[in-house]
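K.L.:
Letter by letter, the chains look like this.
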Amino acid sequence: MFPAASRKPPSTPMNSSSHERAPMCVQGDSGLVLTTDPKPRLRWTAELHDRFVDAVNQLGGPDKATPKTIMRVMGVKGLTLYHLKSHLQKFRLGKQPHREFNDHYSFKEAAMDLQRNTASSSRIMGRSMNEVLHGTEAHRMQLEVHRRFHEQLEVQKHLQIRIEAQGKYMQSILEKAYQTLAAGQGTEAAGEQLGFVHDMADLQLFGGTGDLQLDNSHQLHLGSIHHLQPPDHGLYLTASPALIGKKMIMAGEKSPFIWDDEAEDDDDSQLHNIGIDVAPGVIDGGYEAKPTIPNADDDKLVLEGTAKMDRPSPLRVLNHPLSVEAINGMLINNRR
Amino acid sequence: MEVAMDEGNDFSRCNFSTAAAMDDYFACAWNNWEQSVADVGPFSASADADDFHDLVESIVFADDVDYDPSTGHFSLPQSPSYNSNTSTCTPVAEEEEHNATATAGNDAKGLRLVHLLEAAAEALGGVHKCPDLARVILVRLRELLGRGGEGTSIERLAGHFTDALQGLLDGGRTSLRDGGQHNHNNKMEVLTAFQLLQDMSPYTKFGHFTANQAILEATAVDRRIHVVDFEIAEGVQWASLMQALASRPGTSSPHLRITAMIRSGGSRSAQETGRLLAAYAASLGQPFSFSQCRLEANSERFRAAGVKVVKGEALVMNCVLHPTTTAARRRTTGSVASFLSGSVDLGARVVTLVEEEVGEGEEAEEEQGRGFVGRFMAELGRYSAVWDSLEAEFPMQGQARAVVERVILGPRIAGAIGHAFRAEEEEGGQVESWGEWMTAMGFGKVSISCFNHCQAKLLLGLFKGGYKVEETATNKLVLGWKTRRLLSASVWKPPSPVLLPVIDSFEDSDFLFD
Chain Z
433 MFPAASRKPP
443 STPMNSSSHE
453 RAPMCVQGDS
463 GLVLTTDPKP
473 RLRWTAELHD
483 RFVDAVNQLG
493 GPDKATPKTI
503 MRVMGVKGLT
513 LYHLKSHLQK
523 FRLGKQPHRE
533 FNDHYSFKEA
543 AMDLQRNTAS
553 SSRIMGRSMN
563 EVLHGTEAHR
573 MQLEVHRRFH
583 EQLEVQKHLQ
593 IRIEAQGKYM
603 QSILEKAYQT
613 LAAGQGTEAA
623 GEQLGFVHDM
633 ADLQLFGGTG
643 DLQLDNSHQL
653 HLGSIHHLQP
663 PDHGLYLTAS
673 PALIGKKMIM
683 AGEKSPFIWD
693 DEAEDDDDSQ
703 LHNIGIDVAP
713 GVIDGGYEAK
723 PTIPNADDDK
733 LVLEGTAKMD
743 RPSPLRVLNH
753 PLSVEAINGM
763 LINNRR
Chain L
2 MEVAMDEGND
12 FSRCNFSTAA
22 AMDDYFACAW
32 NNWEQSVADV
42 GPFSASADAD
52 DFHDLVESIV
62 FADDVDYDPS
72 TGHFSLPQSP
82 SYNSNTSTCT
92 PVAEEEEHNA
102 TATAGNDAKG
112 LRLVHLLEAA
122 AEALGGVHKC
132 PDLARVILVR
142 LRELLGRGGE
152 GTSIERLAGH
162 FTDALQGLLD
172 GGRTSLRDGG
182 QHNHNNKMEV
192 LTAFQLLQDM
202 SPYTKFGHFT
212 ANQAILEATA
222 VDRRIHVVDF
232 EIAEGVQWAS
242 LMQALASRPG
252 TSSPHLRITA
262 MIRSGGSRSA
272 QETGRLLAAY
282 AASLGQPFSF
292 SQCRLEANSE
302 RFRAAGVKVV
312 KGEALVMNCV
322 LHPTTTAARR
332 RTTGSVASFL
342 SGSVDLGARV
352 VTLVEEEVGE
362 GEEAEEEQGR
372 GFVGRFMAEL
382 GRYSAVWDSL
392 EAEFPMQGQA
402 RAVVERVILG
412 PRIAGAIGHA
422 FRAEEEEGGQ
432 VESWGEWMTA
442 MGFGKVSISC
452 FNHCQAKLLL
462 GLFKGGYKVE
472 ETATNKLVLG
482 WKTRRLLSAS
492 VWKPPSPVLL
502 PVIDSFEDSD
512 FLFD
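Each protein sequence line maps, in turn, to chains Z and L. Quick note: the first sequence uses this note's numbering, first residue 433, plus one each step. Quick note: the second sequence uses this note's numbering, first residue 2, plus one each step.
Because the hints were derived from the structure by calculation, they are not lab data. Positions of the beta carbon are idealized from the N, C-alpha and C atoms, including for glycine. Any given hint could be a false lead.
Quick list of the computed label-pair ranges, beta carbon to beta carbon [what the hints assert, rightly or not]:
1) L:A279 to Z:A615: 17 to 27 Å
2) L:V311 to Z:W476: 42 to 52 Å
3) L:G307 to Z:A478: 46 to 56 Å
4) L:Q272 to Z:L491: 37 to 47 Å
When the alpha-carbon atoms are kept at most 27 Å apart in a straight line, the in silico DSSO-like pairs for lysine-lysine are as follows [claimed, not checked]:
5) L:K446 to L:K469
6) Z:K500 to L:K446
7) L:K446 to Z:K496
8) Z:K589 to L:K309
9) L:K312 to L:K446
10) Z:K522 to Z:K500
11) L:K188 to Z:K608
12) L:K494 to L:K309
13) L:K188 to Z:K496
14) Z:K496 to L:K465
15) L:K494 to L:K446
16) Z:K496 to L:K312
17) L:K465 to Z:K589
18) Z:K522 to L:K494
19) L:K469 to L:K483
20) L:K446 to Z:K522
21) Z:K589 to L:K188
Here chain L stands alone, though its shape is the one from the complex (with noise of 0.2 Å):
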């Protein structure tokens, strides 16, 4: 029960003084539940059969169940309320008004449900696995969850989770509550919540703003330009880019030619997105051309030779790994490794990254450590910043951020809990920051220009405040939520192709996974 104690004095560390937005109180659990959780041994290590049996019958039984992470057992409260003055939850809601009480409810609820998704995530792929048992938990999280897409905002994060989980046990495809497949009835749907997350965040915008301007930097007095982009989803990026090279002074604008790199079954879709481009590249008058290359059938790797490079070209290549509209599957490693790796193959001007970022400093260390689990964790911290990023910007519109929540970034979700759980399995690791890998590779660093930095912070600053941007290297912007940072855009320059040997071994021996 030390546990619990300590959650109770987190709590009064809060401030619940000012009248505290619903994001803020959040936030502030959460980090207070990420601390104590980082003291928290292994879920499992105590446990054996009987533990077994009895929590399964607890959980099952019970009204209302507790989890404690320190002994790993569920247990009945004492207290059923938790708007009662007795709670050991919240020994400081009795010093409250009564909507702080609640607030507090709703907080060790949340707590819970963070709890219980954690013991699940252990039993799935935690040091002693038990499907079973995290079957159970599933079914309970379920129960107290309620129907998809209702409830509160930590609920519908909690209730995401528990599907990408549930996706893990049922194994192969992932199917959500929501059954979103990405099919052509369903399009309109993700196009228009697509929007609505472009709207309501600098998420998509911050990494394309970034990658363009670099590349208007590294091609300023080109007269043609080749980009290569490694996932052209709608083609979104490239229309800012486009009118930026519209409405440069001076002479004609430069030719810009896309060539999209797609994955097998991708060439209808680049089709239509190299139409939807080549209309609006005609609308601004932006002399424009657009092909496909394919990637290679099974390993998706990337071949220089397949594209077709004219001479006098500034050739850059942009690649965008922060997962855009569709819940596609994700990149593997040896794929996007083959695509930077040919730029040096290409003679490319520059590199444009864009990834999420991972976490820093011990906390990030310590989840790195406890392999599945740990990243289980990283990512339900890092989504529920997103969460809470919608939330606070948007208090009033529900309805549009469930949507947005349900249609884009739930099947991220499961994705991301499924790559997670794939890499814990599979030998050779995978690659967290691409960055540090291109730092190893021999890739410059293209500075960040205080034109770009200055853009990134007028972006945020349509927002009302929490986003951050910070320089992290001199190359690196990174866009955070509060204390989280969340994704990266950086600018690289390929080493000469004398190291050529070198980026090969990499390629085939370490990142190899078909």
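For reference, chain Z alone in the conformation it holds in the complex (with noise of 0.2 Å):
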């Protein structure tokens, strides 16, 4: 009953057939409480809301319960899916014990909410809303829409930083275990060991660091992107904060950027880079991208103040703490 009543393109946000407006509060006979004039609002009454809270406790709690099977529980005429989505949410936002991650859990609501009763949740939302709702069920709607794409956004900053923690922390574990090795065996064995260390550096696919290099002459600078993937997919991870948000697609670049001047193994020569990928829609202001197109000839790098490099060479992970705060410095302030 109630399903077809809600697919009915409504004239009005009520799909009862038995609402009348009028200017007061009216009982329909469904029970129902409606007010009215000039935006129909459904009334939660204690009786109904005691039938709201009968019905989701009948489907496992709050979190258990969606809207559409409280509403087949409820068996209650007049009401919409939309009617029980708002008030599920409330309910299960007043049911928080730990007030102190209301910001999380706030979020967790709405997002659940969503998700559980979209499955594209925004580009539905955008053509629809409008249509199917009242204004403020609307606002209300897009408000929370644009809280998940800002939530997202949150996590992801997040999850860069802990990805860099990481990556620093693997590099002095590293670090220090070549000191120990060199300490330890004499400069021989821990030349054999660099040796080794610095063929896996050719290989380093990224670290905290890994996108810093060193050529021959020991300039600092930040190395340019030489993916490795098939053209039609070109993520790309490094630790400057200048490539997040931007999906970079490296089209039509064939050939392998070989580092080595005598590279026994092509394949392994290259070094790849990883970039964090953004759902399409996410608002992507505040980052800077700046896209670099990997070249054989002229290696455009990603921040300013550093220098070509004309001649491949081989490739070496950074490991001088030092210069990874100045780099690092210099990548914040280039984010501004």
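Hints in hand, dock the two standalone chains.
P.N.:
Structure representation (structure tokens):
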């Protein structure tokens, strides 16, 4: 009964056939109290709320129940999904014991709500919201959707920082291990190990500072992005915040960038950087993206103040902590 | 020969027309193989003395051997070349371009390797054990595989499993082809390989970040946080936690204390880790202190009394069972159980658990029912997914992948197979899923926040695709590659102490291994 009713393109937000417009509160025969004029709203009476709570409990609690199932269980004429959605959300929020987690939880409720009820929430929301809902609810929905996007950006920012932290720490471990090795084994063995590490560094994909390189003249600059993925997929992650927020598609570049002068394995002398992919539609304002085009002859570099590398040279991962700080400082400043 | 025909039919269901990447192809082949294998009766069912003799003869003297799982017979193929159009294993090959034909040949070889491995596992740990036969099969496998570290992706994978089985045969300490004992000389190699693994896959970050986020949320307003870590390893998990604590908006960051549980012999490396963590914390300006706590010498049991607790601190327990860098010997059931139940004694705020996810569905149940062989095949499936994932993400970095495989994954495989083998032999089972155990023990579930779930999704979004995260329970995220679930991270709340007697009884009688 209800699904049919709610699918009718409504002229009014109330899909009940028993609804009558009136200036005051009206009690429809379903028992719903509908306030009216100028915006018809459903008033949640104690009785109705009790039925709501009963239905929710039947369904296994506010986290398990969905507006659709609640609607079915309650079996109340005139009740639409949208009434239930907003009421359920308030109900969930009201049940939260940890007020200090408010930010997370309020987002969580909004997001869960949205997730539950719409497959591709943003698009459907945008299109049908204004048709189906009346003003205030549509506005509220839009706010929630925006909040969700902002939250995703937040998460992304934190993720980036956490990945960097882990990378930095790994670097410190490697440094320490190398130092220990050099001290204990003497320079020869250390040289051997270093040789191994050097090979590995050539293969180094990325670390916290993996995109920092020294060329033969020990000039410090940031490496360009050398992709080795098939053209249809260009994901890049670097420590550089300048590249956050932009999915970079490198199309058409086929030839791998060979670093070693005598490269035994062409395949493995490539540096790969992976970037954070932002979902389409996410606001990417505030992040400056500088697309870098890989070019065998001309290495475009990500940040200013860097020199061109005119000759391929062996990659080395920069381990010096001071320079790391300096570079990071540059990155942050550039990001603004 | 019916099975062979089925295999042919199964292949025809593969989608060859698209320019299938190798990993897709393998995935398809694996799936089909798994299905056909599931229907197969045990190898040994048809075996008797004569059959064994024939078998041994045919393996030893054959140039090329086919293994038919349905009858348990090895046989010489009619047509020597897999590229030929008359091969029964690949009837579809005729229709294909040259590339696909070659791939079909590879795939058929892969299937053969799998069948051989299964046969060896069956001979070693199946219903009718026959170590000699196992030995012969392993010899044959090694012939097919060539030297370690070379060959195609699937050959390398099969190589590690061959090594693992060989280790079982040889008994005691598994010796690997590369002699990968964790010693000082290899440390650089291990660490570098570990870094590569971290960069090339989300396996370590997923568990660490999910657990850390749960810890952050549970201790959002606390001034003192105390983490009791079951397996400190290199301490990588805590770097990002410290970063998050240090950059919390508002007043100064809370004090973080980490207590690392150590096993005998682990004190020195834990101390080193503590120093590194302290140095990192200092670089962030994060208040930090580190201490160790010994597990009991032989049983490796956890005693809550050994942990120093400070009043007013929020205590969390972290249990990452997913093996990390080194081929460290696995944790006994009793040890893990004592740690998890110790959370009750300590009044922990939350317990974060990261463990390998067991397979699900009919296939997995069938595998379980087959004892060691089933577990062997399950591990083969698991690691083939890991192999696939690395190859799919970084197809060009064969050398880097080979290093990770050799240094990190190979030892893990040996450990897993050894573990499965010993489990077969010993009384009282093993705990497959600690999450289930905790549910049974009355641990409460702490919901995974949307932030946490979102973080996991974004983490996976850094990779090409193929990884996915599912929320299989309110408190659990599962990382998987394509259809195979690999790793889970879950968050728990210890039950109230009134249940303590129940936990004790489980701990002592059901999980006592030594």
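K.L.:
Checked against the structure, which of the hints given earlier come out wrong?
P.N.:
Going through the list in order, the structure violates hints 4, 8, 13, 14, 16 and 21 and respects the others.
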